[in-house]
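Protein chains: 2
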Amino acid sequence: MATPPIGHRTKDFRKLFCGVRKKLQKIFRTQNEIFIIPSSATGAMEAAIRNCVDKKVLCLVNGAFGKRWADIARLCEKDVETVEVEWGKAIKPAIVERKLRHNKFEAICLVHVETSTGVMNPLNEIAAVVKKSGALFLVDAVSSLGAIRVEVDKLYIDVCFTASQKGLALPPGIAIISVSERALNKSRSVKSKGFYFNFELLLERAKNDEPLTTPSTSHIFALNKQLEKIEKEKMINREKRHYQLSKLCRSLGKSKGLEIFSEKGFEAPTLTCFKNTLNLNTNALLKFLDSRGFTISGGYGPLKGKTIRIGHMGDYKLKDIKLLFDAFDEFLKGL
Amino acid sequence: MATPPIGHRTKDFRKLFCGVRKKLQKIFRTQNEIFIIPSSATGAMEAAIRNCVDKKVLCLVNGAFGKRWADIARLCEKDVETVEVEWGKAIKPAIVERKLRHNKFEAICLVHVETSTGVMNPLNEIAAVVKKSGALFLVDAVSSLGAIRVEVDKLYIDVCFTASQKGLALPPGIAIISVSERALNKSRSVKSKGFYFNFELLLERAKNDEPLTTPSTSHIFALNKQLEKIEKEKMINREKRHYQLSKLCRSLGKSKGLEIFSEKGFEAPTLTCFKNTLNLNTNALLKFLDSRGFTISGGYGPLKGKTIRIGHMGDYKLKDIKLLFDAFDEFLKGL
Numbered sequence: 005m006a007t008p009p010i011g012h013r014t015k016d017f018r019k020l021f022c023g024v025r026k027k028l029q030k031i032f033r034t035q036n037e038i039f040i041i042p043s044s045a046t047g048a049m050e051a052a053i054r055n056c057v058d059k060k061v062l063c064l065v066n067g068a069f070g071k072r073w074a075d076i077a078r079l080c081e082k083d084v085e086t087v088e089v090e091w092g093k094a095i096k097p098a099i100v101e102r103k104l105r106h107n108k109f110e111a112i113c114l115v116h117v118e119t120s121t122g123v124m125n126p127l128n129e130i131a132a133v134v135k136k137s138g139a140l141f142l143v144d145a146v147s148s149l150g151a152i153r154v155e156v157d158k159l160y161i162d163v164c165f166t167a168s169q170k171g172l173a174l175p176p177g178i179a180i181i182s183v184s185e186r187a188l189n190k191s192r193s194v195k196s197k198g199f200y201f202n203f204e205l206l207l208e209r210a211k212n213d214e215p216l217t218t219p220s221t222s223h224i225f226a227l228n229k230q231l232e233k234i235e236k237e238k239m240i241n242r243e244k245r246h247y248q249l250s251k252l253c254r255s256l257g258k259s260k261g262l263e264i265f266s267e268k269g270f271e272a273p274t275l276t277c278f279k280n281t282l283n284l285n286t287n288a289l290l291k292f293l294d295s296r297g298f299t300i301s302g303g304y305g306p307l308k309g310k311t312i313r314i315g316h317m318g319d320y321k322l323k324d325i326k327l328l329f330d331a332f333d334e335f336l337k338g339l
Numbered sequence: 005m006a007t008p009p010i011g012h013r014t015k016d017f018r019k020l021f022c023g024v025r026k027k028l029q030k031i032f033r034t035q036n037e038i039f040i041i042p043s044s045a046t047g048a049m050e051a052a053i054r055n056c057v058d059k060k061v062l063c064l065v066n067g068a069f070g071k072r073w074a075d076i077a078r079l080c081e082k083d084v085e086t087v088e089v090e091w092g093k094a095i096k097p098a099i100v101e102r103k104l105r106h107n108k109f110e111a112i113c114l115v116h117v118e119t120s121t122g123v124m125n126p127l128n129e130i131a132a133v134v135k136k137s138g139a140l141f142l143v144d145a146v147s148s149l150g151a152i153r154v155e156v157d158k159l160y161i162d163v164c165f166t167a168s169q170k171g172l173a174l175p176p177g178i179a180i181i182s183v184s185e186r187a188l189n190k191s192r193s194v195k196s197k198g199f200y201f202n203f204e205l206l207l208e209r210a211k212n213d214e215p216l217t218t219p220s221t222s223h224i225f226a227l228n229k230q231l232e233k234i235e236k237e238k239m240i241n242r243e244k245r246h247y248q249l250s251k252l253c254r255s256l257g258k259s260k261g262l263e264i265f266s267e268k269g270f271e272a273p274t275l276t277c278f279k280n281t282l283n284l285n286t287n288a289l290l291k292f293l294d295s296r297g298f299t300i301s302g303g304y305g306p307l308k309g310k311t312i313r314i315g316h317m318g319d320y321k322l323k324d325i326k327l328l329f330d331a332f333d334e335f336l337k338g339l
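Here the protein sequences come in this chain order: A and B.
So the mapping is simple: this note's numbering equals the position in the first sequence, first residue as 1, plus 4.
So the mapping is simple: this note's numbering equals the position in the second sequence, first residue as 1, plus 4.
If we strip away everything but chain A, and leave its shape as in the complex, we get:
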């Protein structure tokens, strides 16, 4: 992040940008085009909607970020339908299949791992249902990609994106988006895409290894470094580490009397969401842990006070989780 910026229309930058995008294709497990944009993941959601939906879109909602898909699509004046499932439960392929039996959509939007509830939706199974329907598949992989395997090509994911600060464990500031040929084709016929998130314009520049507009060069440098580190760790080990982290986190939480909020069998390997079964003052807990160097989260939106979320994605080690629960113990003893 501290590397001084270089001109983004220079040969050196093009080389860096090309290398980063190639490394990202490996992480995304795709041959698709990769765009990197100064933006949060919300911008990537909007990009997916603006480029891939002319009228009718289906949003699968079981948490705050699924709801965001729908909010964005409505604010882009699209004709939005939703499949809604109780927060904390996973979206099952059957309910999607039922919806698709009598309805046709240009695109279907899913959040892979719902950061608000700690639920990992069954991506593979839903992907199969979406594929049969012929709709474009738009996937928010913010809290999964870079931490666990997301098979973009094998699952025919047309638009898949993440941000820098989750599985890739970098500071926030950029969104990374893979876009299929089908999505690019669709984009050509969709109007009112604007400029900033326009896949056609992004593609034109990407062919020449250039960003569309001024990039966050600091993030590109950092991303390059981090992708080298991930290559060294190997994705298979990185994924394994995340499953170990979540297993440990769940079991330590349970040993303190906390229950898991997320539906059994669908717990995310990247974050754990506990019910606040101990009726703790979550604000006080967060403040105490912060004073010990740990940042965790309370409930998101309507779950405020009702859940405790512990993120363990990126570069965390088992030891970090143990130390976190030591501090948690200290908090309990002080009550």
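Just so you know, these hints were derived from the structure itself, not from any lab.
Hints may contain errors.
The list makes no distinction among identical chains, and a pair is therefore deemed to hold if it is satisfied within one copy or across any two copies.
Simulated pairs of lysine-lysine, BS3-like, Cα-Cα distance not exceeding 27 Å [claimed, not checked]:
id, residue 1, residue 2
1, Lys96, Lys195
2, Lys244, Lys96
3, Lys15, Lys291
4, Lys291, Lys19
5, Lys71, Lys108
6, Lys82, Lys59
For chain A, the structure is supplied; the task is to place chain B on it using the hints.
For chain B alone, kept in the frame of chain A given last:
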């Protein structure tokens, strides 16, 4: 940039964010709301168009970034008219006044300093004409704000924006936008604004000193530091320094046989654009200077090979310009 990120929904971040926005209001010379978004300045342009124009917009074009205003507005499906002036010439208030005599627009878009031609458009005089017309005034102040004074409130600029990497001399990655009450009101009635650049949503969060979506915390830390430095230098001295830099740059260029490309009396204090009167191979020149540690630019778009642009905004000192021309001399001698 290297400060480790903190949670953006924490009290510490809100305090930082509030302080930065207050310092920015001083630089923008405004009481208006300030939004900071992970985005390039192009995104800020799109934000201005999407929020402030329902149908009819006038774009004033005398270079690549004026043209971008028009491109963006067209891609957002707005009804766009332009006033076009030869690249290298300034837009005079009279031509705008003529256009407005028989046409009504919801908004009028101007680039203050055209980075592609080194021309500074007469902002004060155009502002007076726009004010009379009742249209919203949207100003790209990318290559001026933070280096020289831009009087947002005094000139009734409804949307004014810059990016981090120009007058503020930080790495690129964020856009900073001031938005007037009138622009916020207009925004409420405009449809298809989307989510990411939506002034209504940004405002709702800003009231609580929060960003709408995950911010680039690294840039916010850096911006805070840099704004403290600017307060110490004082804007009046910073502006003076930029006028000295441009004067020196022009005179050293002329002494080497280069003519100024930009119209006399409208030369930007932040960058100098020379005609390539010596018929130099600009690629070779740029490469040579780069090897000496200086990054300058050739002609932008249709001016490729025809102009040489030297940016001298941000934290540059007179000595830097002298050293640059020493290297330029070295290049000439080597021909």
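So which of the earlier hints does this model not fit?
Number 1 only.
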